[in-house]
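Enquirer: Here is how the chains run, residue by residue.
Number of protein chains: 2
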Amino acid sequence: MNYIQQDFSVQFSYKVFFTEFLFSLENRLFNDLLESVHEEGIMRKILFVIDENITIHFPKLGEQIDTYFKDNPYVKLVPEKVIVAGGEIAKNEERFLTTIIDAVNEHGIDRHSYIVGIGGGSVLDLTGYAAAISHRGIKLIRVATTVLSQDDSGVGVKNGVNYKGKKNFLGTFVPPFAVFNDYHFLTTLSDRDWVSGISEAIKVALIKDAAFFDWLEQHAEQLANRDKEATQYMIKRCAELHMDHIAGGDPFEFGSSRPLDFGHWSAHKLEQITDFKVLHGEAVAMGIALDTVYSNLVGSLSETETNRVITLLKTIGLPLSHEYMNLTSADDPIFAGLREFQEHLGGRLTIMLLKSIGTGYEVHELDAQLIMKASQILRNAQESPNQQKQPLSC
Amino acid sequence: MNYIQQDFSVQFSYKVFFTEFLFSLENRLFNDLLESVHEEGIMRKILFVIDENITIHFPKLGEQIDTYFKDNPYVKLVPEKVIVAGGEIAKNEERFLTTIIDAVNEHGIDRHSYIVGIGGGSVLDLTGYAAAISHRGIKLIRVATTVLSQDDSGVGVKNGVNYKGKKNFLGTFVPPFAVFNDYHFLTTLSDRDWVSGISEAIKVALIKDAAFFDWLEQHAEQLANRDKEATQYMIKRCAELHMDHIAGGDPFEFGSSRPLDFGHWSAHKLEQITDFKVLHGEAVAMGIALDTVYSNLVGSLSETETNRVITLLKTIGLPLSHEYMNLTSADDPIFAGLREFQEHLGGRLTIMLLKSIGTGYEVHELDAQLIMKASQILRNAQESPNQQKQPLSC
Ligand SMILES: NC(=O)c1ccc[n+]([C@@H]2O[C@H](COP(=O)([O-])OP(=O)(O)OC[C@H]3O[C@@H](n4cnc5c(N)ncnc54)[C@H](O)[C@@H]3O)[C@@H](O)[C@H]2O)c1
Ligand SMILES: NC(=O)c1ccc[n+]([C@@H]2O[C@H](COP(=O)([O-])OP(=O)(O)OC[C@H]3O[C@@H](n4cnc5c(N)ncnc54)[C@H](O)[C@@H]3O)[C@@H](O)[C@H]2O)c1
Ligand SMILES: [Zn+2]
Ligand SMILES: [Zn+2]
Numbered sequence: 000m001n002y003i004q005q006d007f008s009v010q011f012s013y014k015v016f017f018t019e020f021l022f023s024l025e026n027r028l029f030n031d032l033l034e035s036v037h038e039e040g041i042m043r044k045i046l047f048v049i050d051e052n053i054t055i056h057f058p059k060l061g062e063q064i065d066t067y068f069k070d071n072p073y074v075k076l077v078p079e080k081v082i083v084a085g086g087e088i089a090k091n092e093e094r095f096l097t098t099i100i101d102a103v104n105e106h107g108i109d110r111h112s113y114i115v116g117i118g119g120g121s122v123l124d125l126t127g128y129a130a131a132i133s134h135r136g137i138k139l140i141r142v143a144t145t146v147l148s149q150d151d152s153g154v155g156v157k158n159g160v161n162y163k164g165k166k167n168f169l170g171t172f173v174p175p176f177a178v179f180n181d182y183h184f185l186t187t188l189s190d191r192d193w194v195s196g197i198s199e200a201i202k203v204a205l206i207k208d209a210a211f212f213d214w215l216e217q218h219a220e221q222l223a224n225r226d227k228e229a230t231q232y233m234i235k236r237c238a239e240l241h242m243d244h245i246a247g248g249d250p251f252e253f254g255s256s257r258p259l260d261f262g263h264w265s266a267h268k269l270e271q272i273t274d275f276k277v278l279h280g281e282a283v284a285m286g287i288a289l290d291t292v293y294s295n296l297v298g299s300l301s302e303t304e305t306n307r308v309i310t311l312l313k314t315i316g317l318p319l320s321h322e323y324m325n326l327t328s329a330d331d332p333i334f335a336g337l338r339e340f341q342e343h344l345g346g347r348l349t350i351m352l353l354k355s356i357g358t359g360y361e362v363h364e365l366d367a368q369l370i371m372k373a374s375q376i377l378r379n380a381q382e383s384p385n386q387q388k389q390p391l392s393c
Numbered sequence: 000m001n002y003i004q005q006d007f008s009v010q011f012s013y014k015v016f017f018t019e020f021l022f023s024l025e026n027r028l029f030n031d032l033l034e035s036v037h038e039e040g041i042m043r044k045i046l047f048v049i050d051e052n053i054t055i056h057f058p059k060l061g062e063q064i065d066t067y068f069k070d071n072p073y074v075k076l077v078p079e080k081v082i083v084a085g086g087e088i089a090k091n092e093e094r095f096l097t098t099i100i101d102a103v104n105e106h107g108i109d110r111h112s113y114i115v116g117i118g119g120g121s122v123l124d125l126t127g128y129a130a131a132i133s134h135r136g137i138k139l140i141r142v143a144t145t146v147l148s149q150d151d152s153g154v155g156v157k158n159g160v161n162y163k164g165k166k167n168f169l170g171t172f173v174p175p176f177a178v179f180n181d182y183h184f185l186t187t188l189s190d191r192d193w194v195s196g197i198s199e200a201i202k203v204a205l206i207k208d209a210a211f212f213d214w215l216e217q218h219a220e221q222l223a224n225r226d227k228e229a230t231q232y233m234i235k236r237c238a239e240l241h242m243d244h245i246a247g248g249d250p251f252e253f254g255s256s257r258p259l260d261f262g263h264w265s266a267h268k269l270e271q272i273t274d275f276k277v278l279h280g281e282a283v284a285m286g287i288a289l290d291t292v293y294s295n296l297v298g299s300l301s302e303t304e305t306n307r308v309i310t311l312l313k314t315i316g317l318p319l320s321h322e323y324m325n326l327t328s329a330d331d332p333i334f335a336g337l338r339e340f341q342e343h344l345g346g347r348l349t350i351m352l353l354k355s356i357g358t359g360y361e362v363h364e365l366d367a368q369l370i371m372k373a374s375q376i377l378r379n380a381q382e383s384p385n386q387q388k389q390p391l392s393c
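Chains A and B, in that order, give the protein sequences. Under numbering that gives the first Met the number 0, the letters of the first sequence match residues 0 to 393, in that order. Under numbering that gives the first Met the number 0, the letters of the second sequence match residues 0 to 393, in that order.
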């Protein structure tokens, strides 16, 4: 046969920094990072894209950035900041993508310039996508400002926007140049967004790290009460587990297996059919609860461990159920989520379930009747007070 | 300092096949490729995107594809073919991108399905981009139908579309799943497109392989006359040199050096200001001529070798100059190409020049006066008959 074989590998490397007051003049982290990659005689451009809600909660931020980068020897700041709406709308409406791309064009941002996104997971997903497709990839720096983006979405290699209401229909796999998790930004987060970001920590603990799950149980109330030390530990451990998983596995997801999507098949659909009124982390909490109880119903997870998961979710203040999660027929729209999940992933349907806390296993089909049963159990559990000692179901 | 370090590498691998009559039932290449990656019990979908001019020159192609994949055990063919305009318009007008993405959505094409692009470099760049951003990357199979796409653009890792008239402003680096170079498609190519595809072979010979340049000189007339054996050798050797370069160097172009862009800084600009009436390969021929004569003027390339390059270009039937390449002032629009080239690449301006045939070297600035002088020499050379023995210039 007449052919040429091509084989090569590409190395990727980046750091996720944990800090506070990133743009105060005393904090040299950002500057030092730029210095570490500086090439004599070359000034890179740097363009900021900021979540509108961050500009509202931190009205001095623009000024601080200007001051921080004034006379910086490594980068030339584009004075105009690109402000985009915060939340899922940033990923839903094409005009925000266009705004960033037009700014790249207008300000002559090149492949060796930086685009810095500051915001929640939505703004970071949007900014990352715009950076990834402009000039075949501009260096992206993420400044994550929500619990969810600091412990999960902001530290990984994915970006994306929605298309025709479908989550992340357009996107790429591109590692960031660097990530800054600045704890101070979290202080202005609403309680609802705060709590919602904890579900990804519970998720990763459930499939990867029983000891971290124990720790989460022991600190559940502190986490719900926004205790700083506990939250900082949780974010770092969660980020670490996510990053380990990415590096150790299949970073660009060429295979069909996606353990980090535990609990997500129903979550993505729930977000969509509620028009994103249910937050990602809330939907994930319900998805975790559903697949945990289902794991119990198929006999792989013990009743005790099932109850521990439900109790932790409730203690943190995460929801277990929702009117659209009241599944009574195989025609329920949530079930379309299974097909869409497979379509997005491709290949064989692969869903992670739990064997025990800290250990998952994969199945390739789900029993609709048992899913419905699990959803009914969760409707009851949602209403009843926390009953750690009592059996949950059936 | 409080941080997590992330490091990983991603392996890429694909084959470029040289064949004829890819979709005739006797040709099992495509089928065998699908078989080689088949997983028991899983049918992948396969969607075709075809260059409109191919559908005109090969009116039975659609039927042949249907017959080829009928009852195929590995893939389920999407019967509807997506037809997009051939040529640069495919990359210029957003509606073609949208058509492909909407087909992905409508037909439920997932990350483990295949998108097959059949066409010239333009349609392949467009299709590759659509595949790269849909669901964060659908497997792309390229069937290259022009000399240029078979010997250069189709075998590499880049895709892209134009934005606001800027070449490849949007795009990504994503290796294909596989490439088929079917010689039979080339038979219907216009002479102009044929000849134009040879300039990339001259380019890669000049910077990488003096022996291949000798061979090109010896076969120049056969190549211009569309001799099959000579063309097949040229395409394969050129593809090989391109692919070696990609694998051996910096596949995703993280650095500033892009040797394969020899002759391209003025070429991209010339294409744009002539509204793509000058073909990519023609513009590259003029760009090669310009940077070759410039190499001579700065004293790095001998007069003999300079003349050999000019003579080869002329013998093949490639242009040396153009009214817009009549450079007389630093305000000439072509010079803006230098800045845009740098902007697209980023970092330090890095231009390859020639030390000798087969060996390039990099410089970081060009002398506008000498560029103008080179352009005038080429205007004269364009008009004069081939004078292999006579000194070219000044
Ligand atoms: N790329 C990935 O790997 C990945 C992983 C998980 C989730 N995600 C995506 O992340 C998105 C959710 O991100 P999120 O949970 O961070 O929510 P979000 O980005 O939608 O932000 C929630 C709200 O908080 C606001 N906000 C952000 N920072 C704030 C602050 N410091 N103070 C006050 N308000 C602030 C935002 O403007 C928004 O209104 C979803 O689109 C989800 O799909 C991506
Ligand atoms: N991705 C890369 O690495 C890379 C490298 C070099 C060039 N390119 C791009 O490739 C494009 C040029 O590609 P091209 O030179 O193949 O031209 P093209 O794709 O524009 O095709 C030229 C013309 O030939 C027609 N055509 C295609 N195949 C034919 C056939 N077999 N018979 C008859 N007509 C046929 C097309 O419809 C079009 O009208 C440019 O956009 C250039 O920027 C990309
Ligand atoms: Zn998630
Ligand atoms: Zn080229």
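These are computed hints drawn from the structure, not numbers from a lab. There's no promise every hint is true.
In this list, chains with the same sequence are indistinguishable; a pair is considered to hold if it fits within one copy or across any two.
Unchecked claim - Here are the simulated lysine to any residue pairs, SDA-like style, with alpha carbons at most 25 Å apart:
no., residue 1, residue 2
1, K44, G298
2, K80, V9
3, K165, E382
4, K163, I82
5, K227, Y2
6, K207, G254
Enquirer: For this structure, which hints from the list above don't hold up?
Expert: 1, 2 and 3
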